[in-house]
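Asker: Sequences are here, hints too, so could you generate the full structure?
Protein chains: 2
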Amino acid sequence: MNPMTKKEIEILDDQIKKGTNVRPIGAEIAKGENALERGIVLKPAVIGFLASMGISKIKVYPNPKVAIVVTGNELVSPGSNLEYGQLFESNSFTLNSALRQIGVDDISIIQVRDDLKQLHTALSESIETHDLVLISGGVSVGDYDFTLKALELLGVKSIFHKVKQKPGKPLLFATKSETVIFGLPGNPASVLTCFYKYVLPAISKMTHRELELKSHKAILQQEYNKPEGMTHFLRAKYQDKKVSLGIGQESYKLSSFAEANCLAVFPDEITKIKVGETIDIHLFP
Amino acid sequence: MNPMTKKEIEILDDQIKKGTNVRPIGAEIAKGENALERGIVLKPAVIGFLASMGISKIKVYPNPKVAIVVTGNELVSPGSNLEYGQLFESNSFTLNSALRQIGVDDISIIQVRDDLKQLHTALSESIETHDLVLISGGVSVGDYDFTLKALELLGVKSIFHKVKQKPGKPLLFATKSETVIFGLPGNPASVLTCFYKYVLPAISKMTHRELELKSHKAILQQEYNKPEGMTHFLRAKYQDKKVSLGIGQESYKLSSFAEANCLAVFPDEITKIKVGETIDIHLFP
Chain A
0 MNPMTKKEIE
10 ILDDQIKKGT
20 NVRPIGAEIA
30 KGENALERGI
40 VLKPAVIGFL
50 ASMGISKIKV
60 YPNPKVAIVV
70 TGNELVSPGS
80 NLEYGQLFES
90 NSFTLNSALR
100 QIGVDDISII
110 QVRDDLKQLH
120 TALSESIETH
130 DLVLISGGVS
140 VGDYDFTLKA
150 LELLGVKSIF
160 HKVKQKPGKP
170 LLFATKSETV
180 IFGLPGNPAS
190 VLTCFYKYVL
200 PAISKMTHRE
210 LELKSHKAIL
220 QQEYNKPEGM
230 THFLRAKYQD
240 KKVSLGIGQE
250 SYKLSSFAEA
260 NCLAVFPDEI
270 TKIKVGETID
280 IHLFP
Chain B
0 MNPMTKKEIE
10 ILDDQIKKGT
20 NVRPIGAEIA
30 KGENALERGI
40 VLKPAVIGFL
50 ASMGISKIKV
60 YPNPKVAIVV
70 TGNELVSPGS
80 NLEYGQLFES
90 NSFTLNSALR
100 QIGVDDISII
110 QVRDDLKQLH
120 TALSESIETH
130 DLVLISGGVS
140 VGDYDFTLKA
150 LELLGVKSIF
160 HKVKQKPGKP
170 LLFATKSETV
180 IFGLPGNPAS
190 VLTCFYKYVL
200 PAISKMTHRE
210 LELKSHKAIL
220 QQEYNKPEGM
230 THFLRAKYQD
240 KKVSLGIGQE
250 SYKLSSFAEA
260 NCLAVFPDEI
270 TKIKVGETID
280 IHLFP
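So the sequence lines, in the order shown, correspond to chains A and B. The first sequence stops at residue 284 when you use numbering that gives the first Met the number 0, and every number in between is there. The second sequence stops at residue 284 when you use numbering that gives the first Met the number 0, and every number in between is there.
Check each hint, because a few of them may be wrong.
Given that identical chains are not distinguished, each listed pair holds provided it fits within a single copy or across any two copies.
[Stated by the list, open to error] Result set (DSS-like, lysine-lysine): computed pairs, CA atoms no more than 25 Å apart in a straight line:
no.: 1; residue 1: Lys-16; residue 2: Lys-168
no.: 2; residue 1: Lys-17; residue 2: Lys-225
no.: 3; residue 1: Lys-168; residue 2: Lys-17
no.: 4; residue 1: Lys-225; residue 2: Lys-16
no.: 5; residue 1: Lys-42; residue 2: Lys-240
no.: 6; residue 1: Lys-163; residue 2: Lys-196
no.: 7; residue 1: Lys-156; residue 2: Lys-216
no.: 8; residue 1: Lys-241; residue 2: Lys-42
no.: 9; residue 1: Lys-271; residue 2: Lys-168
no.: 10; residue 1: Lys-165; residue 2: Lys-17
no.: 11; residue 1: Lys-64; residue 2: Lys-175
no.: 12; residue 1: Lys-196; residue 2: Lys-168
no.: 13; residue 1: Lys-241; residue 2: Lys-17
no.: 14; residue 1: Lys-213; residue 2: Lys-236
Since the hints were derived computationally from the structure, they do not count as laboratory data.
Answerer: Written out as structure tokens, the structure reads:
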């Protein structure tokens, strides 16, 4: 017998009280009540709650459509053979993975030779059709660094070029109409450091999500000396409120990044930090 | 002049020392050296490092291929109109989002009516072609709860059925050859609680990643009373080492989940916890 179609039932169990196991109308949410705060992050429970109210479409701050433009004649794809003077292209893989980790998955990867005309065309198209353009390489001042020239020809508005930090000094930040553009230094460790310190906060602003690396205080386990006038970000390992600096901090080295779980911050004005002193660290996601 | 093709150069600047700005062969990693520890998580830096060594294929513990099987004649899709006695189907949206949040994205969603034959066919196919099958609903003992019967007919091995917890009591855990099967109670809050407490640790084991919810100690802000013999998981808000219980803890209520950032744990043997006492909480990802 389907209880849906029956008009009356007789209850023989006197333990069953009226209203037991019945969900009153409006118990989850009453008519006119505010269901969710504006700007709430779409976590699984929020998405489920929206579905349970029958809502299949909502207005969101969307994830940016991202273009990764990789420059450099010396770059070849992993899996192929290296000739003398060539390098395996790794930055697009690093950036693609870092973007996907925060849920950004509409990503185009474009590889361009160090040729002003080709770069101009590729950047023009990328900027036109994406919200965020991440350029890897060509922002220094070598003979083959055509990125700046190409962006200039496209009428891009440079917000800043070069930062007093290591690694990542040649960083460029620019915009064109609504598109946000980062010129990231081509060294693998610089790319990822700049991604975490600059690109992540930019995506955070675009999507109204809290994406910035979490900061903690940590006790330094090795002395560190540096010249004044530049902030140093070192790949490091944070555990039990202590931080150990990784070995191999040169900007081309990714191996130390692979083992690290944070960036250790050494501010520009400081030249010597001793064992046991407290420093700031930024934890990777 | 391309420096690659020139045989000799004369250096006029006596500040430039031999070896400056040259990366010695094997500086990133020497021949025969161990590049990465077995079992390392494929973070962006690790993926980039692999690419930089020219490695395009590696052996991994893959993410599971997941089927979400939603049962219930009363369920209709969000966006359509509700008839009397119907509910909007939300569990597939919740589970799909919770899976994607941890990077699992090969997901099939199958909706089945409360019909033993249809359920048998759908579950048979799902178990055959997926690593993990999450069934929403039908694991209680009502007249229309055919999930158990269908699984029995398929020769599935039940590991346990029913747990002494609230919400989520009717939970079923089973396997068939290599496929892991969870029968999740159909109530929205039960589904997500069981996902975080049981499914997440299972995926953690399958993928060799640390995915379990992070535990913290927290000071309770409201008294809580419960009968002995059942663990209660309450949706709650954790901030500054304090935990406040959300309102609306019934298992069908998702709104309290949407506002919560953790589960507060009240163990089975405890019946009264006072304001100011310390309890365990599990933070959502």
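Asker: A separate judgement is required for each hint: does it hold in the structure or not?
Answerer: Each hint, compared with the structure:
1. Lys-16 x Lys-168: between (73 Å within a copy, 22 Å between copies)
2. Lys-17 x Lys-225: between (76 Å within a copy, 23 Å between copies)
3. Lys-168 x Lys-17: Between copies only: 24 Å across, 72 Å inside.
4. Lys-225 x Lys-16: between (76 Å within a copy, 21 Å between copies)
5. Lys-42 x Lys-240: between (29 Å within a copy, 22 Å between copies)
6. Lys-163 x Lys-196: within (13 Å within a copy, 46 Å between copies)
7. Lys-156 x Lys-216: Neither. Shortest intra-copy (37 Å) and inter-copy (49 Å) distances fail the 25 Å Cα cut-off.
8. Lys-241 x Lys-42: between (32 Å within a copy, 22 Å between copies)
9. Lys-271 x Lys-168: within (21 Å within a copy, 58 Å between copies)
10. Lys-165 x Lys-17: Between. Shortest inter-copy distance 23 Å satisfies the 25 Å Cα cut-off; intra-copy 71 Å does not.
11. Lys-64 x Lys-175: within (15 Å within a copy, 41 Å between copies)
12. Lys-196 x Lys-168: within (12 Å within a copy, 45 Å between copies)
13. Lys-241 x Lys-17: Neither. Shortest intra-copy (60 Å) and inter-copy (38 Å) distances fail the 25 Å Cα cut-off.
14. Lys-213 x Lys-236: both (14 Å within a copy, 19 Å between copies)
In the structure shown, a violation is registered for the earlier hints numbered 7 and 13, in ascending order.
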